[in-house]
Amino acid sequence: MSNWEILWSARDQFWSGFFSTMEIFGLSISAAFAIGCGMLYLLEGSRPRLTVPLRVFIDGMRMLPFLILAYLLYYGLPAIDIRLDAWWSGVGALAVYHGCYFAEIFRGARLTFPPGQVEAAKAHGFTKGKMFFRLILPQIVMQTRPLLGNQLIYALKDTAFLVIITVRELTAAANSLSGTYFIPTEAFIVVIGFYWAVSVVMEIIVKQCGRFSAKRGFDNV
Amino acid sequence: MFEKNTSERVRSEQTATGAARSERAAVSIRHLSKSFDGVEVLRDVDLEVREGDVVTILGSSGSGKSTLLRCINWLEQPDRGSIHIGGQRIGVNDAGRPMPVRELARVRARTGMVFQSFNLWPHLNVLHNVTEAPIHVLGKSKAEAEAHARELLEKVGMSAKADAYPGTLSGGQKQRVAIARALAMQPEVMLFDEPTSALDPELVGEVLAVIKDLSAEGYTMIVVTHEMAFSRAVSDKVVFLDKGLIIEQADPETFFTNPSTERVRKFLEREES
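Quick mapping for you: the protein sequence lines, in order, are chains A and B. Residue numbering for the first sequence follows this note's numbering, starting at 9 and increasing by one per position. Residue numbering for the second sequence follows this note's numbering, starting at 2 and increasing by one per position.
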């Protein structure tokens, strides 16, 4: 049997690793998006007691290597009697880490948001919450679309780190196959193919979303 | 260019049928003062706008006229003085404390504001710009809000563009949509902050024509403007601000033909030349 045939016969392991990766990615990136939006909302206020610690937290996260955060959650939390299994540690770490990146991307766009639109909203009787979710956030998301697409790809690649805290995802599948049959090159080429395929599909979807925002004058797609 | 005939006719008809212009104050401003970084922008301003009146505020730039307008819906907070809209004080509650945000939003919604730079929400099409606040602030049903919005777009001559996005409109069109958007809140008083100052000269007329139609319909309006002919044609009262002080308020005939202060005479001469 050639190396490729061995891998083909073990394709079920790849598929289960792939689905596990997609599950982790889908869940954590959705949570990260929500966290990013939530943080942006909290930064809207002008209360430094809240905004200063939040900014420090966001910057602290962004300056931390992702792997160390995953380690901290998986190996460090039990020290204070919080035990998460590997899977939830991984999802949690990805969600918080990329949530901070989302928050920072949104914050940058918020700084250049036209103040006149906020005044118009106030003049029409909007209160903070509705103004944020109906008028500010949709525009910020449309405006930052290319950066968000980039961040999706970063997050997808970061899921591969979770092999180190024993999560059974795509890279773990390749790792175990290459160990069992000693065919590292081919096994990893296969997972590269998976990561590329998912990234390309995401790129296309994000680009298509650009049409929606271009129609509203946000983009030049 | 602007003739007063229509509005006068409408008003005299109203008088004849008994629906006379009321003596009730739509906006009442008392002892209003405001400083920015130690510079006094408004100094003890008193102004009364009756229901159905059109008041235009004139003055050179920096005279405080935009600030005065923006205080009326609390986009700027005055340092001293009070503002009542339809008898309800804005910004300060009965106990003399700053108004809770929800209450402030409710009082604000009784005014309609049109900005110099339009400030439409670009991610919403024209129709949804107009229905957004009625649905999400006033709690109207979608169907009701859209029906009303289409009427208003018709009134400002923009119904053909209901599905267009603001980015595709000319300045004059944007401003007409912004007027419809403000009217959709059924405000008791409309505030216009230099509504034509950001427009190309050939687009000014279409916006002024819309505002003039509104004045004929009996809307209460306060308009900050540099358009003298317009001010003369639509106003019931002209107010002149100079360095934060109201130095002249008069009916348009008196104001433009026989002003009582040297400052206003100079201002009008310069405008004519």
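Hint data in this document are derived by calculation from the structure and do not stem from the laboratory. Treat the hints with care, as some may be off.
Stated by the list, open to error - Computed footprint of chain B on chain A; a stretch qualifies when at least three of its residues, placed anywhere within it, have a C-beta under 8 Å from a C-beta of chain B: (1) 144-151; (2) 174-187.
As the list claims (entries may be wrong) - If you want a taste of the chain A side facing chain B, the calculated C-beta under 10 Å gives, among others: (3) Trp-96; (4) Lys-136; (5) Gly-157; (6) Lys-223; (7) Arg-224.
What the hints assert, rightly or not - Each computed BS3-like pair below joins lysine-lysine, with the alpha-carbon atoms no more than 25 Å apart: (8) Lys-136(A) <-> Lys-143(B); (9) Lys-138(A) <-> Lys-141(B); (10) Lys-238(B) <-> Lys-223(A); (11) Lys-156(B) <-> Lys-213(B); (12) Lys-213(B) <-> Lys-244(B); (13) Lys-215(A) <-> Lys-138(A).
Quick caveat, the model's predicted, so the values are computed rather than measured. Virtual Cβ for every residue (Gly too), placed ideally from N, Cα, C.
The hints, checked one at a time:
1. 144-151: holds (count 3)
2. 174-187: violated (count 0)
3. Trp-96: violated (36 Å)
4. Lys-136: holds (7 Å)
5. Gly-157: Gly-157(A) check fails; min Cβ-Cβ to chain B is 19 Å, beyond 10 Å.
6. Lys-223: holds (6 Å)
7. Arg-224: holds (5 Å)
8. Lys-136(A) <-> Lys-143(B): holds (22 Å)
9. Lys-138(A) <-> Lys-141(B): holds (15 Å)
10. Lys-238(B) <-> Lys-223(A): violated (44 Å)
11. Lys-156(B) <-> Lys-213(B): holds (12 Å)
12. Lys-213(B) <-> Lys-244(B): Between Lys-213(B) and Lys-244(B) the Cα gap is close to 28 Å, so the pair fails against 25 Å, i.e. violated.
13. Lys-215(A) <-> Lys-138(A): violated (28 Å)
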